[in-house]
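Enquirer: We have chain A already, so just place chain B on it with the hints.
Protein chains: 2
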Amino acid sequence: MELKQALDRLAELQRKMYAYRAASSSLYLDGTTVAPKDTAEGRGVALGVLAGEQHKLFSDPQVGELLDFLWAHRDGLDRPVRRQVEELRRSYDQLRRIPADEYMEYAVLTNQAGDVWRRAKEASDFQLFRPVLEKLVAFNIKFAGYYDSAKAPYDALLNEYERGVDMAYLDKFFATLRERIVPLLHAVMEKEPPDDSFLRRRYPVDAQRKFSDYLMQVLGLDRSHCTIGETEHPYTLEFNNKDVRITTHYHEDNMDFSMYSVIHEGGHAKYELGIADELQYTCLAGGVSMGVHESQSRFYENLIGRSLPFIQAVFPKMKEFFPEQLAGVTAEQFYRAVNKAQPSLIRTEADELTYCLHVMVRYEIEKQLIGGTLAVKDVPETWNRLYKEYLGVDVPDDSQGCLQDSHWSGGSFGYFPSYALGSAYGAQMLRNMEQDMDVWGPVSKGDLSGVSAWLGEKVHRHGGLMEPADVVKNACGPFDPTVFADYLEKKYSQLYAL
Amino acid sequence: MELKQALDRLAELQRKMYAYRAASSSLYLDGTTVAPKDTAEGRGVALGVLAGEQHKLFSDPQVGELLDFLWAHRDGLDRPVRRQVEELRRSYDQLRRIPADEYMEYAVLTNQAGDVWRRAKEASDFQLFRPVLEKLVAFNIKFAGYYDSAKAPYDALLNEYERGVDMAYLDKFFATLRERIVPLLHAVMEKEPPDDSFLRRRYPVDAQRKFSDYLMQVLGLDRSHCTIGETEHPYTLEFNNKDVRITTHYHEDNMDFSMYSVIHEGGHAKYELGIADELQYTCLAGGVSMGVHESQSRFYENLIGRSLPFIQAVFPKMKEFFPEQLAGVTAEQFYRAVNKAQPSLIRTEADELTYCLHVMVRYEIEKQLIGGTLAVKDVPETWNRLYKEYLGVDVPDDSQGCLQDSHWSGGSFGYFPSYALGSAYGAQMLRNMEQDMDVWGPVSKGDLSGVSAWLGEKVHRHGGLMEPADVVKNACGPFDPTVFADYLEKKYSQLYAL
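In the order they appear, the protein sequences are chains A and B.
The first sequence begins at 1 in the working numbering and counts up one residue at a time.
The second sequence begins at 1 in the working numbering and counts up one residue at a time.
Take the hints with a grain of salt, since some may be wrong.
Residues of chain A clear of chain B, computed beta-carbon distances all greater than 10 Å [unchecked claim]:
1) Arg201
2) Val329
3) Asn474
Which bits of chain A does chain B cover? Going by a derived footprint, with three or more residues having C-beta under 8 Å, they are [to be verified]:
4) 10–18
5) 32–45
6) 49–57
7) 287–300
Below 30 Å or equal to it, Euclidean Cα-Cα: the simulated DSSO-like pairs (lysine-lysine) are [stated by the list, open to error]:
8) Lys210/A - Lys210/B
9) Lys16/A - Lys135/B
10) Lys210/B - Lys16/A
11) Lys56/A - Lys16/A
12) Lys242/B - Lys37/A
13) Lys242/B - Lys56/A
14) Lys56/A - Lys56/B
FYI, nobody ran anything at the bench for these hints, they're computed from the structure.
What you are looking at is a predicted structure, and each value in this text was computed from that prediction instead of being measured.
We treat Cβ as the ideally placed atom computed from N, Cα and C, and that holds for glycine.
For reference, chain A alone in the conformation it holds in the complex (with noise of 0.2 Å):
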């Protein structure tokens, strides 16, 4: 094999992974937004298909030839290139040593645990859930042996998330976030809470949607490559960094739901349309980690959008879309009703303080679930008291409990954590950015293109071609949990007068 023939066929198997990817992307895309209502069944046949397909396509050991040879000429690749090798090596191998039946077997798994999950929500009945919960744990210790047998079993699903992130390093980081946010959120709570009840007026819906497509300019989303559309929940889709989509869900008493659903989606959107050209259709051309794509989705949602400047800069468009609703209400008053502090249930809708508590809660159920010392029975007693010690609060029943979020009926263990560290890593690199820049006066004008440019720069033009750690390393040096903590307090103490 030439290397000249082998730097195509590297190229060709990306692309088809890309089309793979594109297929599947379209049909879920479809099926949660405009397909009619009684069509899954046909969906599942195709997706089922394509992943197959997929699955063969990548487990062909003619790959396994490819990257081997890539891989001993890879002083001659481009560092691009290079990179693409080591990191298909990384998945080649890793899905080599899952066992096909095995594979499969977990795929029709977690294809019908969705359901049961869906219905047990519904019946809040955690019962419903618990023998196929019991099978998915199995599964995912199992596979951990696959993907690292040097590991813990939580670490090697941790690694599969954030690379290079482990339960040491979380311990620390949630010990240090919990000795400050938990004495931070009593202080708050023995102030008075500030008056939200305007959030929960009429917001007509079109009015809404008009809102959301000024949301998109102030955030320099281009219209011609991102659209947004709507869904149940929000979430963000990217074929290719010329095509994105973003979705959210108007409810009609709530408009700060798809206010900062929209500005939330729209960070995740900026980092993939951001994202190198020359990385396109290969498998770098995605955000590098969910942490990453967290840190910058929470950037534009909590550090920008819950900033006092940014409010103060669409208030005045929004008093013209809801004129009647937010009659007798300023800026500063809405700035302190979005940023209300109040332990709460159900984590999508926690603030920017206590979020974290909540993602603390599943990170100490899954360490022990995954590690073996918590028996999925006993999951809904751990995860109400847990809530009591983290939040005070009293969990009524189990559909707003331990069944509230999707991930485990999807096979995600070790995924929840990343929502925390890309909280973290955003205020770090908000830090940054205002040692480098003027951040807050072109922001109080509306004007956000400086803040799109450093994270250009920093973050989103790399797509996948460092590691997550060296990712943020780069943008902002090493991670320091302690700096996410002293932003929280800062904007607290002064918001609740501390």
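Expert: Structure of chain B alone, referenced to chain A:
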């Protein structure tokens, strides 16, 4: 190989083919509806890969061996499976006769030709399109030889769209129509045209959307299996018999456009939704041919939708949606307006009477192009001459002339006659339906369930289980074009008091 194993492989092969079709359809649907504007490139990459993989899957010699084995055991096969083997064998042999490099070259050509055609149409400049059209014609002549070297090239192409139909058949069919329609049209043109000015009033798009919802209800289309979207050009896209999408386009000053496009595409959708469950995820799952498909869409659009009883049934509701626009208009006047016959330039805007004349122009030109008796450079002149001869109109430019349709740019030669055949099949089905049951009593009350049931039983459920001609014969006896001519004569004589 055991028979049981071979049958499993046959089912698996067809599920894979289904998945590739569904994936490509989903990307196409997305591209024409919600995708952001500047995203064609990435979709093109994905669609190209999927087409290549689909080709590889189906042209694999193992597929040939499987089909040979099953054909040798055909006596032990159920009728649907036997038919699947027969159909797949035909497609496989045909695909194998096309050299792989020519197949790929043609795929690239048709992919580019669409863009070239669009630009040429915009500029109304046939010369821009000419070199591409020359290549497309040459490829089709060559491919016709691969399809069936024993046939004249255009016969081989016609056979692809409507099996069993050839030039001898169509010459006779079109001669009959021409003999009857041309004098009828002349007689009509001597009469005072009906007033249709109220159709051009301002019909707000939102009200039209609600009217479409109502029409889908009248058609008996289950919205949990069939949605309606909006695209530049209306179409129907089927995933399977539980998932069909139709689209329309709303023009504020042209309410009958969306009304009749919804009924037309609704007819296609009824067909696909009515195909038997047992044929799903096999090569027999779609409508059997273009001609039979058009017979269903035109049945609903013209024979039902443009009938006086149907209009009388829906008119009270129309007046609720458009009270000002239809003030003072009666159902009878509306009926006359949407049946106004008038020679025109654009096929897709033609009325029921003149439509087939538009098709004949294309048939004559294709016949000569593929037969080698007309050079591509002479297409515009011939087009304009035939429009004058058949329809009596002067073509002002290529954009409204030989560049108006996308078919040739997509590589379709031999497709147009199916439109006319569909109209004629439909008329004959109506005659037999009237013999079998009371059609117009229920229709005049807005009840189309009897019509649906008749077509479902006679046509829809069979999918691709029979030859197209046998489906028609099964529904209404041997094909007889005079039935369609009689129908037109009766309808227009009454409308215009001839």
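Enquirer: Please go over all the hints and tell whether each is borne out by the structure.
Expert: These are the hints, each one checked on the structure:
1. Arg201: holds (25 Å)
2. Val329: holds (31 Å)
3. Asn474: Holds, because the least Cβ-Cβ distance between Asn474/A and chain B comes to about 27 Å, which exceeds 10 Å.
4. 10–18: holds (count 3)
5. 32–45: holds (count 11)
6. 49–57: As far as the segment 49–57 of chain A goes, the hint holds, because 3 residues have Cβ atoms under 8 Å from chain B.
7. 287–300: violated (count 0)
8. Lys210/A - Lys210/B: holds (22 Å)
9. Lys16/A - Lys135/B: holds (29 Å)
10. Lys210/B - Lys16/A: With a Cα-Cα distance of about 42 Å, the restraint between Lys210/B and Lys16/A is violated, given a limit of 30 Å.
11. Lys56/A - Lys16/A: holds (12 Å)
12. Lys242/B - Lys37/A: With a Cα-Cα distance of about 10 Å, the restraint between Lys242/B and Lys37/A holds, given a limit of 30 Å.
13. Lys242/B - Lys56/A: holds (29 Å)
14. Lys56/A - Lys56/B: holds (14 Å)
Checked against the numbered hints given earlier, this structure breaks hints 7, 10; the rest are met.
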